[in-house]
Amino acid sequence: MTEAAPVLEVRGISKRFPGVLANDNINLTLRKGQVLGLLGENGAGKSTLMNMIYGLYKPDEGEILVNGQAVDIAGPKDAIELGIGMVHQHFQLVDVLTVTENVMLGNESVSGPFLRRDRARREILELSGDYGLDVNPDALIADLPVGVQQRVEIIKALYRHADILILDEPTAVLTPQETRGLFKIMRTLLEKGVSIIFISHKLKEVLEICDDVVVLRRGKVAGHADPGRSTEASLASLMVGRDVILEVEKAAAAPGDEILNIVNLHVHDDRGLPAVEGVNLGLQRGEILGIAGVQGNGQTELVEALTGMRPVDEGRFYIKGEDMTSSSPRRVTEKGVGHVPEDRQRDGLVAGFTVMHNLVLCSYYRDAFSNTIVVDDRAIAANAHQLVEQYDVRPPIINNPAGGLSGGNQQKVIVAREFSRGVDLLVASQPTRGLDVGSIEFIHKQIIRMRDEGAGILLVSSELDEVLSLSDRVAVMFEGQIIDILPVEEADKDTVGLRMAGVRDDVQIESAG
Amino acid sequence: MRTSSKPKTSSRPSFKLTRIRIIAIVLLLLGAFIFFQAGGIDGDLVTTLTFQTTSAGEPPSVGNIDVPTSPYLRVIGLLFVVAGSLNLAELRAPRPRRASLGLMVLCGVLFIPTVIIAAAAGNETNMTTIVAESLRLATPLAIGAMAGIWCERAGVVNIAIEGMMLFAACFGFTTLFYLRNTGLPLETAQLLAVVVAVLSGGLIALLHGWLSITFRTDQIVSGTVINILAVGVTSFVRREYLLSTEAGAAKLGNISIPILSDLPVIGEAIFTNQPIFFMMFVMLALTHIVMFYTRWGLRTRAVGEHPHAADTLGINVNRTRWTNVWISGMVAGLAGAWFSLEATGSFNDGMTRGAGFIALAAMIFGKWTPIGAFGAALLFGFSDSLGIRLQMVGVGFPVQFLQMVPYAVTLVVLAGFIGRASPPKAVGTPYVKE
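So the sequence lines, in the order shown, correspond to chains A and B.
Numbering (the working numbering) for the first sequence: 1 to 513.
Numbering (the working numbering) for the second sequence: 1 to 434.
No wet-lab data here; the hints were simulated from the structure.
Among these hints, one or two may not hold up.
Claimed, not checked - Restricting the straight-line Cα-Cα distance to at most 27 Å, the calculated cross-link-like pairs of lysine-lysine (DSS-like) are:
hint, chain 1, residue 1, chain 2, residue 2
1, A, Lys192, A, Lys204
2, B, Lys367, A, Lys77
3, A, Lys77, B, Lys433
4, A, Lys445, A, Lys202
5, B, Lys367, A, Lys58
6, A, Lys202, A, Lys220
7, B, Lys367, B, Lys425
8, A, Lys192, A, Lys77
9, A, Lys202, A, Lys184
10, A, Lys32, A, Lys250
11, A, Lys77, A, Lys250
12, B, Lys367, A, Lys220
What the hints assert, rightly or not - Residues on chain B that point at chain A, a partial pick, calculated with CB under 10 Å:
hint, residue
13, Trp210
14, Thr214
15, Glu305
16, Ala309
17, Asp311
18, Ser422
19, Pro424
What the hints assert, rightly or not - Reference excerpt, derived from the structure (chain A facing chain B, CB under 8 Å, subset only):
hint, residue
20, Ile80
21, Val96
22, Thr98
23, Glu277
Glycine is no exception: its CB is placed at the ideal position from the N, C-alpha and C atoms.
Pulled out of the complex, with its shape left as it was, chain A reads as follows:
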């Protein structure tokens, strides 16, 4: 096998932040037309490294070579000129501008001082045709789903003639369908000679798309792996530094009293259209009910209605036998309901608050943390220290604003808050989205522990693997309705997949009935 020429080399790069050595003597090589996977836990230093390549941070030591030449990248402008493009984990798009305006920003096609939107628009359409990046150049960013926003980010890089593309956790926010689409786009890019650095902690994806894998652990290169000869388990142990159990181990469920009962629930979405159309569900203590379904079939609205964040149009639901329809979120919380929201940035955290205050967002008023007039910061800090340690939030500094944490660590803060409150009903929406294997393993164990202690768990996830491995029963949601409920033993991937696509009863399930 002939080795393609290296287009980007990183040699001996180190970066220190106050109190943390984020990158320690890192070396890596990206070859032309290949995908280099960069694997590591949350907070292992992947984003820091990429931000240095893109000129957002300055390395303390080491050098970067582009096409064999040592370069000094002082800012994003230099990086762009060297043909480096980056799709950030949190998209860098201006909501109120159109796709065209976002793409051309900073690199506008103009005549005189005036913008030539038409020219940029034509170029975007060309790129979108060439690379299969389907977007409407006139749409406002705010109106686009994340999958499309990501395509806009890729077009932004291509518009600047990038031939080295850094994708920082591109699949963390995508549904499985969108991920398939992204991979297709990546393959087209590779054919056209673009080289890609793919950051992820989803082992399956890394094995599927990468030509070479570098694993980071706590700021250092923990090793290289050849995707052809690696397994998920070997990558996971390289990443975490110990063996990781990828299979969920759990005892049989011991369902108890009914804790949640939903009767003919109707809920509308933000546009006022019906999203949940007559859902009936029951959940017992000591049981995990998974809701599978392609995103956008009413799961979001169902969860928001149950947690008091969205008004109910029709129908009722009962928690512990009490009618909680259209209650306030506070009342739902007080009833012993924990909620891990789908959009952690919007509904899960106050980004400007410190980690320690985020950890008491739904209990700060209780006696443990306040004396009715002032909050007791000492107790809050003690609580935070314990949880940060227990849930392995990195960096473990409780006075940092939560918004400054990486996505996975933000999720850990939310999970720590909700799981530690002693809840009887947990509504968890995409609880492991954006997390690395080590953290996923931990959260899965916690969910099962809560189940075994007698809590009822409603798990909504677009990761079919997660639903199937955790749940005791699987409900499939399609177009606002629950179209099937199966015990997990009867729910194989194919059956559930068909149900998710809306196929109801015309396929016989092969099982020992």
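Let chain A serve as the given structure and place chain B on it in line with the hints.
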């Protein structure tokens, strides 16, 4: 026994008090009020709307409209009631149909002439003057609002427009005061005075930029500092240098726009006017074009919305902000020059009388868009001129109540039809590179 309470198990969604319905109720009540008030007005009273030029002497009147006050008000009252009930009646539809919405908008538009007609019952009132005066009084507000847009679109709050105006009014006039006896032609001296006013606004803006961008002081605090500083410094300057002689100087002279000024009625009322008045329209066009059609405007808006995104594309966030704050100060300076050089030809302590804040309100009413802000400024100008007019006509109750009317209309219109104003997202937050 039956209770009168609503059955709770109804499956239909209950009646919701949406925004449109609130307006409909307001309209309904207002219409009823007008209708019954009209009954109290002498049936023979007539309001005469004239369209004359402002200059006395030869009035080439285009024609007068005689409006019988009481019947007119009854019709309008009925129209309001009909529009209100139509919109209320459509309970089942999630939102009312377009036709009845249009009727409500028509009611809103008709409201302002209705106020004039009702207030001037039995008298003559000159519509041309009201329009021309509204525009004239809107000048500093509209230009001030443009200043606000330049600054805030880039993500920097500017509550210092008031202070910048006051500085500019003071230094502009001081320049004219000292130049008037140097033998320079008056026009040149006046031009220089305006330039100094503009530049001094820009200079104060640099202070704002220095505090709020370089040192990341809270932008509201920085602006307040400038406003307080302006009051002190300008009154000191007046006492020390302007008070000795009873200071007064010639106002900026009129300019006639060729062709347009030959139009009947409005030609003289609007197109023969003072220079800063015309600059209002220039600033409006310029601000709109720069913000929405140029590279600079695109970058400005990006910096004001999502500075980090702009940074990742190689745009220098703080330099963009600096420049915009500076331009904003110069525009505010032009508005300041209106007070001392165009409107009065003198300088008084605190002569801007809060116009900078009203300009800011106009900017917010206009949702940070030049055209919207201009509309809002016109409304404020109209309210002022209405007050003056009605005082001259002599209505039977405090003029201030009628002056409130346009604002009340604005509130209802804003709350009802336009909805929440959303400022540029990054406004007020200094940009820190991580």
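Structure-based check of all given hints:
1. This hinted pair checks out: Lys192 of chain A and Lys204 of chain A have alpha carbons roughly 25 Å apart, not beyond 27 Å.
2. Under the criterion of a C-alpha separation no larger than 27 Å, the hint pairing Lys367 of chain B with Lys77 of chain A is inconsistent with the structure, at around 33 Å.
3. Annotation: proposed proximity of Lys77 of chain A to Lys433 of chain B holds, straight-line Cα distance about 15 Å (limit 27 Å).
4. With a C-alpha separation of about 18 Å, the suggested pair Lys445 of chain A and Lys202 of chain A falls inside the 27 Å cut-off, and the hint holds.
5. Among the hinted pairs, Lys367 of chain B with Lys58 of chain A is inconsistent with the structure: their alpha-carbon atoms are about 40 Å apart, more than 27 Å.
6. Taking the CA atoms of Lys202 of chain A and Lys220 of chain A, the gap is about 19 Å. The hint holds against a cut of 27 Å.
7. Our distance criterion of 27 Å between C-alpha atoms is met by Lys367 of chain B and Lys425 of chain B, whose separation comes to about 13 Å.
8. Only pairs whose Cα atoms come within 27 Å are accepted, and Lys192 of chain A paired with Lys77 of chain A is accepted, the gap being roughly 24 Å.
9. Taking the CA atoms of Lys202 of chain A and Lys184 of chain A, the gap is about 17 Å. The hint holds against a cut of 27 Å.
10. Proximity of Lys32 of chain A to Lys250 of chain A is assessed by CA-CA distance (about 45 Å); at most 27 Å being required, the pair is judged violated.
11. With a C-alpha separation of about 52 Å, the suggested pair Lys77 of chain A and Lys250 of chain A falls outside the 27 Å cut-off, and the hint is violated.
12. For the hint pairing Lys367 of chain B with Lys220 of chain A, the CA-to-CA distance comes to about 50 Å; that exceeds 27 Å, so the pair is violated.
13. Because the smallest distance between the Cβ of Trp210 of chain B and any Cβ of chain A comes to about 23 Å, over 10 Å, the interface hint for this residue is violated.
14. A distance limit of 10 Å between C-beta atoms decides the matter here; for Thr214 of chain B the minimum to chain A is near 19 Å, and the interface restraint is violated.
15. Interface hint at Glu305 of chain B: satisfied, since its Cβ lies 5 Å from the closest Cβ of chain A, which is below the 10 Å cut-off.
16. Residue-level restraint check for Ala309 of chain B holds (minimum Cβ-Cβ distance to chain A is 4 Å; threshold 10 Å).
17. Because the closest C-beta pair between Asp311 of chain B and chain A is about 7 Å apart, less than 10 Å, the hint holds.
18. Interface restraint check for Ser422 of chain B: the shortest CB-CB distance to chain A comes to about 8 Å, inside 10 Å, so the restraint holds.
19. Given the 10 Å rule on beta carbons, the hint for Pro424 of chain B holds: about 8 Å separates it from the nearest Cβ of chain A.
20. A hinted interface residue such as Ile80 of chain A counts as satisfied when its beta carbon comes closer than 8 Å to some beta carbon of chain B; here the least separation is about 6 Å, so the hint holds.
21. Annotation: interface hint on Val96 of chain A holds; nearest CB of chain B at approximately 6 Å, less than 8 Å.
22. Hint status for Thr98 of chain A: violated, given a least beta-carbon distance of 10 Å to chain B, over 8 Å.
23. A hinted interface residue such as Glu277 of chain A counts as satisfied when its beta carbon comes closer than 8 Å to some beta carbon of chain B; here the least separation is about 14 Å, so the hint is violated.
Checked against the numbered hints listed earlier, the structure breaks hints 2, 5, 10, 11, 12, 13, 14, 22, 23; every other hint is satisfied.
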